[in-house]
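K.L.:
From first to last, the protein sequence lines stand for chains A and B.
Using my numbering, the letters of the first sequence correspond one by one to residues 1 to 111.
Using my numbering, the letters of the second sequence correspond one by one to residues 1 to 115.
Keep in mind that the hints were calculated from the coordinates and are not lab data.
Nothing here was measured: the structure is a model prediction, and the numbers come from that model.
It cannot be assumed that every hint is accurate.
The calculated lysine to aspartate or glutamate pairs, modelled on EDC-like cross-linking and capped at a C-alpha distance of 16 Å, are [to be verified]: (1) B:K55 / A:E22; (2) B:K70 / B:E10; (3) B:K73 / B:E10; (4) B:K114 / B:D26; (5) B:K78 / B:E10; (6) B:K96 / A:D98.
Some but not every residue of chain A turned toward chain B, in silico, with C-beta under 8 Å [to be verified]: (7) W7; (8) P8; (9) P18; (10) G43; (11) L44; (12) L47; (13) S84; (14) L90; (15) Q100; (16) Y101; (17) F102.
Ideal Cβ placement from N, Cα and C applies to all residues, glycine included.
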Amino acid sequence: SQTIHQWPATLVQPVGSPLSLECTVEGTSNPNLYWYRQAAGRGLQLLFYSVGIGQISSEVPQNLSASRPQDRQFILSSKKLLLSDSGFYLCAWARVPDTQYFGPGTRLTVL
Amino acid sequence: AQTVTQSQPEMSVQEAETVTLSCTYDTSENNYYLFWYKQPPSRQMILVIRQEAYKQQNATENRFSVNFQKAAKSFSLKISDSQLGDTAMYFCAFMKRDSNYQLIWGAGTKLIIKP
Chain A
1 SQTIHQWPAT LVQPVGSPLS LECTVEGTSN PNLYWYRQAA GRGLQLLFYS VGIGQISSEV
61 PQNLSASRPQ DRQFILSSKK LLLSDSGFYL CAWARVPDTQ YFGPGTRLTV L
Chain B
1 AQTVTQSQPE MSVQEAETVT LSCTYDTSEN NYYLFWYKQP PSRQMILVIR QEAYKQQNAT
61 ENRFSVNFQK AAKSFSLKIS DSQLGDTAMY FCAFMKRDSN YQLIWGAGTK LIIKP
């Protein structure tokens, strides 16, 4: 069966510091991968998606970036965090072109 | 552009009752998928049920079923014999077939099951 992991689970970072969130999927190959952000009490905002290694599409212009160095690894990064980057970050995978399955999420607080 | 509307910000029912969450969507597409996801206090997003637009039969998963009305662009979720563990935010989502696999999300309905 397939499993999706995210870490860290919780992160508190100062403004201006770098960020690296990691997502890995087990039990499938060549999945579509997604990064979402969710503000408290709100819906999900798609940040990036990837249909293959090295293929990243950005949905929202901002100071975040994503990379896919391996087939089942998806990384969300920032060089300098802003207060507005605080939120809950969810990674998801899908077998083309169907249902998305989500990881446990990372709660990011920028102070 | 597609939109998804959940008109009930919050609902509460007694344990063992049946509850229906509403969802409407707007699209000019004919081939698409619809989903209900559940987000409990742990905040992990969990798939509840999935419907393919070309299938007229309503999807069911144990106590969860949908009423899919394609012409009316309505996709409601019915939870039967509700349990305390059903307390969560419920999100309705739309995906156009053959798109870049993006989900269009509703704002969510907070469901509280009271003992």
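K.L.:
Confirm or reject each hint.
P.N.:
Hints versus structure:
{"no.": "1", "hint": "B:K55 / A:E22", "verdict": "37 Å, violated"}
{"no.": "2", "hint": "B:K70 / B:E10", "verdict": "25 Å, violated"}
{"no.": "3", "hint": "B:K73 / B:E10", "verdict": "22 Å, violated"}
{"no.": "4", "hint": "B:K114 / B:D26", "verdict": "33 Å, violated"}
{"no.": "5", "hint": "B:K78 / B:E10", "verdict": "15 Å, holds"}
{"no.": "6", "hint": "B:K96 / A:D98", "verdict": "10 Å, holds"}
{"no.": "7", "hint": "W7", "verdict": "14 Å, violated"}
{"no.": "8", "hint": "P8", "verdict": "14 Å, violated"}
{"no.": "9", "hint": "P18", "verdict": "24 Å, violated"}
{"no.": "10", "hint": "G43", "verdict": "4 Å, holds"}
{"no.": "11", "hint": "L44", "verdict": "5 Å, holds"}
{"no.": "12", "hint": "L47", "verdict": "11 Å, violated"}
{"no.": "13", "hint": "S84", "verdict": "19 Å, violated"}
{"no.": "14", "hint": "L90", "verdict": "6 Å, holds"}
{"no.": "15", "hint": "Q100", "verdict": "6 Å, holds"}
{"no.": "16", "hint": "Y101", "verdict": "7 Å, holds"}
{"no.": "17", "hint": "F102", "verdict": "4 Å, holds"}
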